[in-house]
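S.K.: Given chain F, put chain S in place with the hints provided.
Top to bottom, those sequences are chains F and S.
For the first sequence, the residue numbers in the numbering used here are 78 to 330.
For the second sequence, the residue numbers in the numbering used here are 2 to 818.
Bear in mind the hints are in silico, worked out from the structure with no lab data behind them.
Some hints could be false.
To be verified - Calculated pairs, SDA-like style, for lysine to any residue (alpha carbon to alpha carbon, straight line, at most 20 Å):
{"#": "1", "chain 1": "F", "residue 1": "K94", "chain 2": "S", "residue 2": "R28"}
{"#": "2", "chain 1": "S", "residue 1": "K540", "chain 2": "S", "residue 2": "L367"}
{"#": "3", "chain 1": "F", "residue 1": "K94", "chain 2": "S", "residue 2": "W36"}
{"#": "4", "chain 1": "F", "residue 1": "K94", "chain 2": "S", "residue 2": "A32"}
{"#": "5", "chain 1": "S", "residue 1": "K54", "chain 2": "F", "residue 2": "A102"}
Remember, it's a predicted structure, so these values are computed and weren't measured experimentally.
Listed here are the chains, written in short residue letters.
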Amino acid sequence: MSSASLCADFWGNSGVKQAILILIAAFGLSACAVQPRTEPPAPIESSRARIAAPVPPRPILPEPPPPEEPEVEIYPYRAPGEAPEAVPVAETPVQPESPAPTMTSLQSERATAGLAEEGMAPLPSSPGAPASGPRSLASAPSPPAPTLPPATGALAQQAEQQRQSGDYVGAAATLERALRIEPREAYLWNRLARVRMEQGLHSQAGNLAERSNSLAGDEAPLKQDNWGMIAVSRRAGGDLEGATEAERKASGG
Amino acid sequence: MARPKNPSARPARGSRPASDKGREGRRGWRALARWLGLLGAAVGLGLLLYGVKLDGTVRAKFEGKRWALPARVYARPLELYVGRPLTPESLEGELERLKYRKGKEPQRDGSFARDGERFLVRTRAFSFWDGTEPERYLDIQIAGGHVEALKDAGGGPDPALARLDAALIASIYPTHNEDRVLVRREDIPDRLVKTLLAVEDRNFFSHQGVDPVAITRALVRNLQAGEVVEGGSTLTQQLVKNFYLNDERTLARKINEAFMALALDLRYPKDEILAAYANEIFLGQDGNRAIHGFGLASHFYFNRPLDELGIPETALLVALIKGPSYYDPRRHPQRATERRNLVIDTLQEQGGITPEQAKAAKRAPLGVSDKGGRPVGVYPAFLQMVRRQLQRDYREEDLRSEGLRIFTTLDPLVQTVAEQAVIERLPELEKSRGFDPGTLEGAALVASAAQGELLALVGGRDPEYAGFNRALEAVRPIGSLIKPVIYLTALAEPDKYSLVTRLRDSPVSLPAGDGTRWQPHNYDRKTHGPVPLYRALAKSYNLATVNLGLELGVDRVADMLARLGAQRRIDAVPAMLLGSVSLTPVEVGQVYQTLAAGGFRAPLRAIREVLDVSGRPLNRYPLAVEPAVDAAPVYLVTWAMQQVVQQGTATWLKKRLPATLTVAGKTGTTNELRDSWFAGFSGDKVAVVWVGRDDNKPTRLTGGTGALRIWGDIMASVENRPLPELAPEGVTEVRVDLGGGCSQAMTIPVDVDGLRTLSASCGRGRGQAVAARTAQADKPPAGGATARAVSPGAREAERKEKARSVFGELMRGFLGE
Numbered sequence: 078m079s080s081a082s083l084c085a086d087f088w089g090n091s092g093v094k095q096a097i098l099i100l101i102a103a104f105g106l107s108a109c110a111v112q113p114r115t116e117p118p119a120p121i122e123s124s125r126a127r128i129a130a131p132v133p134p135r136p137i138l139p140e141p142p143p144p145e146e147p148e149v150e151i152y153p154y155r156a157p158g159e160a161p162e163a164v165p166v167a168e169t170p171v172q173p174e175s176p177a178p179t180m181t182s183l184q185s186e187r188a189t190a191g192l193a194e195e196g197m198a199p200l201p202s203s204p205g206a207p208a209s210g211p212r213s214l215a216s217a218p219s220p221p222a223p224t225l226p227p228a229t230g231a232l233a234q235q236a237e238q239q240r241q242s243g244d245y246v247g248a249a250a251t252l253e254r255a256l257r258i259e260p261r262e263a264y265l266w267n268r269l270a271r272v273r274m275e276q277g278l279h280s281q282a283g284n285l286a287e288r289s290n291s292l293a294g295d296e297a298p299l300k301q302d303n304w305g306m307i308a309v310s311r312r313a314g315g316d317l318e319g320a321t322e323a324e325r326k327a328s329g330g
Numbered sequence: 002m003a004r005p006k007n008p009s010a011r012p013a014r015g016s017r018p019a020s021d022k023g024r025e026g027r028r029g030w031r032a033l034a035r036w037l038g039l040l041g042a043a044v045g046l047g048l049l050l051y052g053v054k055l056d057g058t059v060r061a062k063f064e065g066k067r068w069a070l071p072a073r074v075y076a077r078p079l080e081l082y083v084g085r086p087l088t089p090e091s092l093e094g095e096l097e098r099l100k101y102r103k104g105k106e107p108q109r110d111g112s113f114a115r116d117g118e119r120f121l122v123r124t125r126a127f128s129f130w131d132g133t134e135p136e137r138y139l140d141i142q143i144a145g146g147h148v149e150a151l152k153d154a155g156g157g158p159d160p161a162l163a164r165l166d167a168a169l170i171a172s173i174y175p176t177h178n179e180d181r182v183l184v185r186r187e188d189i190p191d192r193l194v195k196t197l198l199a200v201e202d203r204n205f206f207s208h209q210g211v212d213p214v215a216i217t218r219a220l221v222r223n224l225q226a227g228e229v230v231e232g233g234s235t236l237t238q239q240l241v242k243n244f245y246l247n248d249e250r251t252l253a254r255k256i257n258e259a260f261m262a263l264a265l266d267l268r269y270p271k272d273e274i275l276a277a278y279a280n281e282i283f284l285g286q287d288g289n290r291a292i293h294g295f296g297l298a299s300h301f302y303f304n305r306p307l308d309e310l311g312i313p314e315t316a317l318l319v320a321l322i323k324g325p326s327y328y329d330p331r332r333h334p335q336r337a338t339e340r341r342n343l344v345i346d347t348l349q350e351q352g353g354i355t356p357e358q359a360k361a362a363k364r365a366p367l368g369v370s371d372k373g374g375r376p377v378g379v380y381p382a383f384l385q386m387v388r389r390q391l392q393r394d395y396r397e398e399d400l401r402s403e404g405l406r407i408f409t410t411l412d413p414l415v416q417t418v419a420e421q422a423v424i425e426r427l428p429e430l431e432k433s434r435g436f437d438p439g440t441l442e443g444a445a446l447v448a449s450a451a452q453g454e455l456l457a458l459v460g461g462r463d464p465e466y467a468g469f470n471r472a473l474e475a476v477r478p479i480g481s482l483i484k485p486v487i488y489l490t491a492l493a494e495p496d497k498y499s500l501v502t503r504l505r506d507s508p509v510s511l512p513a514g515d516g517t518r519w520q521p522h523n524y525d526r527k528t529h530g531p532v533p534l535y536r537a538l539a540k541s542y543n544l545a546t547v548n549l550g551l552e553l554g555v556d557r558v559a560d561m562l563a564r565l566g567a568q569r570r571i572d573a574v575p576a577m578l579l580g581s582v583s584l585t586p587v588e589v590g591q592v593y594q595t596l597a598a599g600g601f602r603a604p605l606r607a608i609r610e611v612l613d614v615s616g617r618p619l620n621r622y623p624l625a626v627e628p629a630v631d632a633a634p635v636y637l638v639t640w641a642m643q644q645v646v647q648q649g650t651a652t653w654l655k656k657r658l659p660a661t662l663t664v665a666g667k668t669g670t671t672n673e674l675r676d677s678w679f680a681g682f683s684g685d686k687v688a689v690v691w692v693g694r695d696d697n698k699p700t701r702l703t704g705g706t707g708a709l710r711i712w713g714d715i716m717a718s719v720e721n722r723p724l725p726e727l728a729p730e731g732v733t734e735v736r737v738d739l740g741g742g743c744s745q746a747m748t749i750p751v752d753v754d755g756l757r758t759l760s761a762s763c764g765r766g767r768g769q770a771v772a773a774r775t776a777q778a779d780k781p782p783a784g785g786a787t788a789r790a791v792s793p794g795a796r797e798a799e800r801k802e803k804a805r806s807v808f809g810e811l812m813r814g815f816l817g818e
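For reference, chain F alone in the conformation it holds in the complex (with noise of 0.2 Å):
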């Protein structure tokens, strides 16, 4: 028999031939399957996620977490379980004008966002006067700049081109570092706490601002300013006689 008969044989057997269809059909749905991983994995990157990274902006976002609980547990003094503090909505004195609108509804997101984790209303008890109180602070005056050295003059006028322009988190980085060249200087610490109080902080920007009171010295303007905040956050914290008090001395009184 010729060789090609033979083959002829064989592929005319067709238990054979579907020996052959079946190992086939096999291999190819084999394909199909996913394979089992044999090595590590490969650390490879997402292409798709690096075109997609932006080159960063400048942030302009609220800050995470609350500055009222930034520490560590590891640090040896933890900030005492200050009660969240609401974030009232209807008192955000300031309606930013930003250039950036994001930054309002952010802001906005943050306030009802605030609410939403505290759940409780904005302010308690009396609407009569908070609703004056802050309000006549975003009108009131900031205290005359001192004459500071160049360095921190140049961080304090862009902190507080930021602040008005609603950029909190930038402002408050922006004095901090002007802070650690002039850690004294009372105006700093005022700034501070107003950018706090415009951001909701009500306890953190009272106790800015009696900071900035231990070393205003005879500065009245400056100590005025800072007591009329720590009025509104003794009003927040709900110590309603001390909260006059400090009206009383705010107004010079």
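M.R.: Chain S only, in chain F's frame:
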């Protein structure tokens, strides 16, 4: 599927007619052809499906995963401004830490020139959380230990403030120990792309993943040369090769890689593949750390970022691709140079550079630095603090793989000073007490007073050793360090205690609960009778302190300690008044920070902010203060702690520190001299030092003879502001008679609420003659209360009136005797 059996087509074996045989043969061939066709189709289908499988693998590896990037930890950036205290050595040290190249005239970013006290610096741009600091060309003039002038050397407007880039102090590596600095496509310099393509893959942008032309050319070249001089793999194929971790070079592997390269090329644009290649390629090994990607290789070999490399350096990096160990420029400089020059030639052949450039590049030395790309300096103690702080907010895997950028408060200048002080003093102390070298251990920390930023942390006498961090973990009795807390508790009641209130330094004997009695004694084993309060603190009299503490109540002292920031649970027993309380140096630091900041507690923190890999802020740790104690009593106890230095147990500091630097502090010594402490602060910094033995045996050192020396060394060498002289509201100055008559009166600060308690007043501090007046029975407001003064004018008047009325009473009383 079997064909129906046709009996007529199946003749019996061996008895087939010839014509049937022929027909069979033809049918056989046709059947064969059919089957071959089918088989071909099946194989084709199989291959297609296999290709699909490989494509699936390619997709799975290329998408949806990210490189595990190490976290980068940075120190604080140095800020330059006119008036900043800075020595030329410090500035040069900082520039070295930042890997700036020193030269005659700075040409490129990241270089500087120095002429005595004048620096010309080309800074690098750096993205901080709050904005990008642009690259600048600065002219810095230093004089008298501070920055005298800061100008723009390019003629532009002088910056009021310039921030240098932050120095990398550590990386937290992924578990597989691969290190890379991610580069985006646009960050890859053109020069590098040209060189890479010229050598490795000429037709990268035009082939489909596999380049048959290149393969043929490589074959020819290699045959001609008699050895392998060229590879025919495309970059795509090399990238695919890197997906597999073992290095089989079988035909099957090659075929697989070819398929996958085709798939990769089909799916992804060339730029992405190029960028992936540039970040994946293995370029060196540094101990445990595998160097992947051009970004990191540039730092590792040249200590410079990728965009600062010239032709010869770029050529060397490309040359390494073939074999990073074989061509290691540090171990085999000859081979490396040859290969690099070959690369330069290839580049020139293909028109990437001119012949002149090629010649110049080949003449250039290799230019590799000592192992670079590593963090400068080793700060394991500080990093432990950073890690602890991070662990609250981030999981370990995130830390290791997300490429986080962590900006810390570490000040390398202060850290170096602190480390040196510990390293140099401990052997001296050992010798002075007759110990074997290595017996004593120490810990130190320095923080900014107002903000609580941790500037330096030393965990032991071997600062580079990452072991037991004594500053963070050594819980030791604090001894007399507790005393300012007791005196503060007293001074917070101004109507009962003032700085000159007489305390009884007389024997104490209390039942100890187990039948014995607790009978402490003074260090000098004497009793001193009635002593003014400030002196009892300055001289650290135990008996007076215990008597005072018992009068106040141990619970109140414990409460005050907690208010100042000590979180640890304390046993409120009388022995606590002499410091049986155990704290770590960092916890002590927190307590003294509150004192240093006028009663405003700011938690000690090591991190300023955390950004993600693209520079977006994730977490910021902002400044937050809490008024823990009223400012007036803190001012008074600070004054008393100044007397510790002026006339008490720390007078050695008067010699060690400059005369203009006023500091306040307290020595601490424990039973049998097991622990030696000093904690104190200047106008802007607070520092704590502990010296002791790990086996807790006596050190033969008191606080004043041990830890104080290290403290003094540190504070004398860092920038410091003196303590402020401005007293807070509610404090005034009075001259008091301490037994030598009013002609030898001492001026002390006094809380106005407590002027009545002063029995030895000789008048106002400024020596104003004050007319006696009929005293108004002014009831002073409740001491230590919340609301203090009103407007300054009224306050001042109120104070004057009070002082006058009290003075009047006293005068009358005095004269009337």
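S.K.: Which hints, by number, does the structure contradict?
M.R.: 2
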